[in-house]
Amino acid sequence: MEKRKLVVVGNGMAGARVLEELLEIAPGLYDIAVFGAEPHPNYNRILLSPVLAGEQTVKDIILNPVEWYAENGIRLHLGKTVAKIDRRARAVIAEDGTREPYDRLLLATGSNPFMLPLPGVDLDGVLTYRDIHDTERMIEAAATQRDAVVIGGGLLGLEAANGLKVRGMNVTVVHVMPWLMERQLDRTAAGLLQKTLEAKGLQFRLEAHTQALLGSPSALAEGRGEGRVSGVQLKTGEVIPAQLVVMAVGIRPNTALAQAAGLHCNRGVVVNDTLQTYDPRIYAVGECVSHRGTAYGLVAPLFEMAKVCANHLAHHGIGRYGGSLLSTKLKVTGVDLFSAGDFSGGDGTEDIVLADPSAGVYKRLVIRDDKLVGAVMYGDTVDGSWYFKLLREGRSVAQIRDKLMFGESNLGDAGHLGENRAASMAPEAQVCGCNGVCKGAIVKAIKEKGLFTLEEVRRNTKASSSCGSCTGLVEQILMFTAGGDYSTAPKKKAICGCTERTHQEVRDAIREHELLSIPAAYRFLEWRTPNGCASCRPALNYYLLSTWPHRAQDDPQSRFINERSHANIQKDGTYSVIPRMWGGETNSSELRRIADVVDKYAIPTVKVTGGQRIDLLGVKKEDLPAVWKDLGMPSGHAYAKALRTVKTCVGSEWCRFGTQDSTRMGQELERALWRMYAPHKVKLAVSGCPRNCAESGIKDVGVIGIESGWEIYVAGNGGIKTEVAQFLCKVKTHAQVLEHAGAFLQLYREEGWYLERTVHFVARVGLDYVKKRVLDDSEGRVALWERLQFSLDGEPDPWHEPMRAGVDLRQFAPLSA
Amino acid sequence: MKVTVCKLQDIPKLGARRYLKSDGHTIAVFRTAEDNVFALRDACPHKGGPLSQGIVFGESVACPLHNWCIDLKSGSAAAPDEGAVERFDVRVVNGDVELSLT
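Chains as they are written, first to last, in our numbering: chain A, 1 to 817; chain B, 818 to 919.
In isolation and in its complexed conformation, chain B is listed as follows:
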């Protein structure tokens, strides 16, 4: 299922927005400096911290709770931390951010 969550410009550059799924889960939708978008479940694999609130740099986000660095592309934590968070396909179509929910 695909949903249009917002316009690209609704997400701050080097930032994120939270998308509330109907099942109560939240997905973090990120925008990089180059306007690439990524989507991850809004829960750090460490202690569930909201990744949407972290600082985005390059193609990574630093979790606001304990500074784990999560790769936006794969959802994996950077070493020495181990773990990964669920990722979702997302793309920009005519300025709309289109999220694939599976």
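Only chain A is shown next, with the shape it has when bound in the complex:
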């Protein structure tokens, strides 16, 4: 069968992005031809400003060189403007007569800059700012002329003005509104911005209306027509000298071709949620479309559209485009500015404002119905991407409201020396401590490989792909380098590259459709890979087991090696062994056995852990079963996404301050909960008085004894993100502590996402939700606690009942000839 033909009109970022997505998911499905009116291959239009400012060259911003098209078998018609779509014959005809028939047509014609209908717009030296050609003419003018006026104080206008200033021109920005970037900034932030730009030497005329562009009197006198522009006349009569005028007052979707072909247009080419126009064979994406009444002029929505469109063209047909929320960042070196959402204020909204004008810092967060709806930041934008994420997720911020203004990074993320301003970091400064990636390497990868999303940066550089604590920094660098309106992590985040499904969707499907094995889940959820990958298989294995205890089949090959060999792999391939010591208490015979094991198996290192246990490091894999047997102590599960330790203080048994028997309480908890697998590791602590020597404040569940009973805290964390646990409730008896702690942990086990610690789980669902399920609903609490006990009932100790625990004992013995 002959391949279907796909023709793309428009070789900008939108069209090319669709092709990239399409080639990834359905290579070879279409015979593809592309028309581009510009004589250049696809380039990053957002980066024209750095080119204008001399920070990058045209070559730097090419996204797909001509060879890319050839390598992918795409016929590229450069410099050819399409004249007509013949819908009846299903063919596209260019001005030079080139004809390409299509089965599917993709319109990505972008937008045209808007020219104010002023006297004098036809003069030489009057430009818009849209493409490489405009940029080159501006660079030329800057080399020979002295004065420039930019009409329009929006994002694009200010970037143009800055670029021309950097190139040595006198620049005045004429803006009709009372403050700059009024669509992205409030008055205060705009004022700070204006001050910064004025310090760079830019001049401004606000609330200023342009009356006319003046020609050259000498040219007129010599009969050479009006010649070059000489000045801009305002309604007030003022004349600003200018030999270059840049019009940056907005864009209009380019719909001429679509309209001529009889496609329904309303401001833009009207498309549905699968990016199809009224003719279902014809798709449209990018700035030329009107989706649910909105035409977008930034790159992030365009990428979201491209993904959906490519999916549909590939016959996957699962994605829908539901519109985009926008964020903005100005690409002017030395200016830190971020805005997102709706910050117009008004009824029902509340503002949280931090202003330190002399330090040049201003932040305003707008909240409606306990949700963040808008954010404007100037001077310190490190948390911009975090606010944007909160905004997109639309989740309640009531719980974190008092900390909201101070951002995500105030809570002490470890690993990058407290660095939180990417712009001020040196290129050799390390950003990602896990993978040793410095800022320069990230910037280089973004520029050279044309990266736009956090995921792409992770894939290409590994930065922020391990512990993730530097994600904010990497996003900042991405914003700076790739341009402000880069696409953040998608709203709906797939588990991994094997699927479009999210963790939540997979959890739901496993429960609703009673999926009991990984192959069944992959089949039902239409996984793209036959047996997943190292990311999704462990997640699915956990979801199956936690949803259907005693029914779903455990698959050891889908577990990370530590959970397969029940020991913790070390850098040299040996293992560490940590036996369980209930509540951190041990005795002479255990210690003697440990000492004997250390001698017998020549174990090089013995170390006391932070969780009140003893770690034997450097055990050979073949020795593991014998070591377990000789120790005669239960598995400590120090290797597993499971209950680790219950740390305790000595409590009222010995301590002169102790109010409660914390050691016994801890041991009861540990005996009730050990062998409990969870989305991530789980650590508990019990202190016998508010002095809190067991450090209950940074544990997944922390219990503190007081004279009248026990306080229970949840979702603390002492790791990458030091987070103080939140108060859940106060109870009287040991049994109540067990029931409440158990119910909370079962909720986490049933609803947490794989590799999500309790701190992230509670941040996602909200403490109110946890309280509703664990405190307010007492029947529900009992049911949760019973389900946990049911799950753990009869669960074997893998060290001492390996057969029953499904441990593959063959792994311990190597093969030999």
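Be aware that one or more of the hints could be misleading.
Said to hold, decoys possible - Listed below are the simulated BS3-like cross-link pairs for lysine-lysine, each with C-alpha atoms no more than 25 Å apart in a straight line: (1) Lys838/B with Lys620/A; (2) Lys681/A with Lys600/A; (3) Lys59/A with Lys84/A; (4) Lys447/A with Lys59/A; (5) Lys620/A with Lys830/B; (6) Lys864/B with Lys571/A; (7) Lys681/A with Lys607/A; (8) Lys641/A with Lys830/B; (9) Lys571/A with Lys641/A; (10) Lys620/A with Lys890/B; (11) Lys838/B with Lys571/A; (12) Lys493/A with Lys681/A; (13) Lys607/A with Lys641/A; (14) Lys819/B with Lys890/B; (15) Lys629/A with Lys607/A; (16) Lys3/A with Lys84/A.
What the hints assert, rightly or not - If the Cβ cut is set under 7 Å, some of the chain A residues that face chain B in the computed set are: (17) Asn460; (18) Gly532; (19) Ala534; (20) Gln557; (21) Ile561; (22) Ile569; (23) Gly573; (24) Thr574; (25) Ala805; (26) Asp808; (27) Leu809; (28) Phe812; (29) Ala817.
Don't read these hints as lab results, they were simulated from the structure.
Keep in mind it's a predicted model, so treat the numbers as computed, not measured.
Heads up, the beta-carbon is just placed ideally off N, CA and C, and yes, glycines get one too.
Using the hints, position chain B against chain A.
Leaving out everything else, chain B in the frame of chain A:
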């Protein structure tokens, strides 16, 4: 030199076994879901992690130390990582896994 290291069913599906060579080196012998077998030196090109202990998927293995993905067929690391590990010919003959040592 060819050696029979084990039966096919001695290697778990989507898993591996370690074969100890007389010179002290270890070779990881992998089995995929489709019962194809592959053999690589049991040392990740990154930091020498034991690939035999990784999670096997498709025709790749993820190193247990830092999650580098190694192609079982070629021994090469998947981008952006760079490097390759020595590979060995291996095949199944009448249910026996036969490894070629060179």
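Hints versus structure:
At roughly 17 Å between alpha-carbon atoms, Lys838/B and Lys620/A fall within 25 Å of each other, so this suggested pair holds. Between the alpha carbons of Lys681/A and Lys600/A the distance comes to roughly 31 Å, so the proposed pair goes past 25 Å and is violated. In summary, the hint linking Lys59/A to Lys84/A is not supported, as the alpha carbons are separated by about 32 Å, beyond the 25 Å threshold. A threshold of 25 Å between alpha carbons decides the hint, and for Lys447/A with Lys59/A the separation of about 10 Å falls inside it, so the pair holds.
Taking the CA atoms of Lys620/A and Lys830/B, the gap is about 24 Å. The hint holds against a cut of 25 Å. Our distance criterion of 25 Å between C-alpha atoms is met by Lys864/B and Lys571/A, whose separation comes to about 8 Å. Among the hinted pairs, Lys681/A with Lys607/A is consistent with the structure: their alpha-carbon atoms are about 20 Å apart, no more than 25 Å. A C-alpha spacing of about 23 Å is found between Lys641/A and Lys830/B, which places the hinted pair at or below 25 Å, so the restraint holds.
Proximity of Lys571/A to Lys641/A is assessed by CA-CA distance (about 19 Å); at most 25 Å being required, the pair is judged to hold. Straight-line distance between C-alpha atoms of Lys620/A and Lys890/B comes to about 29 Å, which puts the hinted pair past the 25 Å bound. As the CA atoms of Lys838/B and Lys571/A are separated by approximately 21 Å, the hinted pair is consistent with the 25 Å bound. Our distance criterion of 25 Å between C-alpha atoms is met by Lys493/A and Lys681/A, whose separation comes to about 22 Å.
At roughly 21 Å between alpha-carbon atoms, Lys607/A and Lys641/A fall within 25 Å of each other, so this suggested pair holds. Simply put, Lys819/B and Lys890/B have alpha-carbon atoms about 19 Å apart, close enough for the 25 Å limit, and the pair holds. For a cut-off of 25 Å, the pair hint linking Lys629/A to Lys607/A stands: about 20 Å separates their Cα positions. Simply put, Lys3/A and Lys84/A have alpha-carbon atoms about 23 Å apart, close enough for the 25 Å limit, and the pair holds.
Because the beta carbon of Asn460/A sits about 5 Å from the nearest beta carbon in chain B, less than 7 Å, this interface hint is met. With its C-beta approaching chain B no nearer than about 6 Å, Gly532/A sits inside the 7 Å limit, and its interface hint holds. About 4 Å separates the beta-carbon of Ala534/A from the nearest beta-carbon of chain B, less than 7 Å, and the hint is met. Taking 7 Å as the C-beta contact cut-off toward chain B, the hint placing Gln557/A at the interface holds, the least distance being around 4 Å.
Checking Ile561/A against chain B by beta carbon gives a least distance of about 4 Å; that is within 7 Å, so the hint holds. A hinted interface residue such as Ile569/A counts as satisfied when its beta carbon comes closer than 7 Å to some beta carbon of chain B; here the least separation is about 5 Å, so the hint holds. Satisfaction of the interface hint for Gly573/A is found here, the shortest Cβ-Cβ separation to chain B being roughly 4 Å, below the 7 Å cut-off. Interface restraint check: Thr574/A against chain B, minimum CB-CB distance 10 Å, threshold 7 Å, status violated.
A least Cβ separation of about 15 Å between Ala805/A and chain B goes past the 7 Å threshold, and the interface hint is therefore violated. The restraint placing Asp808/A at the interface with chain B holds, with a minimum CB-CB distance near 6 Å, inside the 7 Å limit. About 11 Å separates the beta-carbon of Leu809/A from the nearest beta-carbon of chain B, more than 7 Å, and the hint is not met. Nearest Cβ of chain B to the Cβ of Phe812/A: about 10 Å, over the 7 Å cut. The hint is violated.
With 7 Å as the threshold, the beta carbon of Ala817/A comes within range of chain B, its nearest partner Cβ sitting at about 5 Å, so the hint holds.
Of the hints listed earlier, those the structure fails to meet are numbers 2, 3, 10, 24, 25, 27, 28, in rising order.
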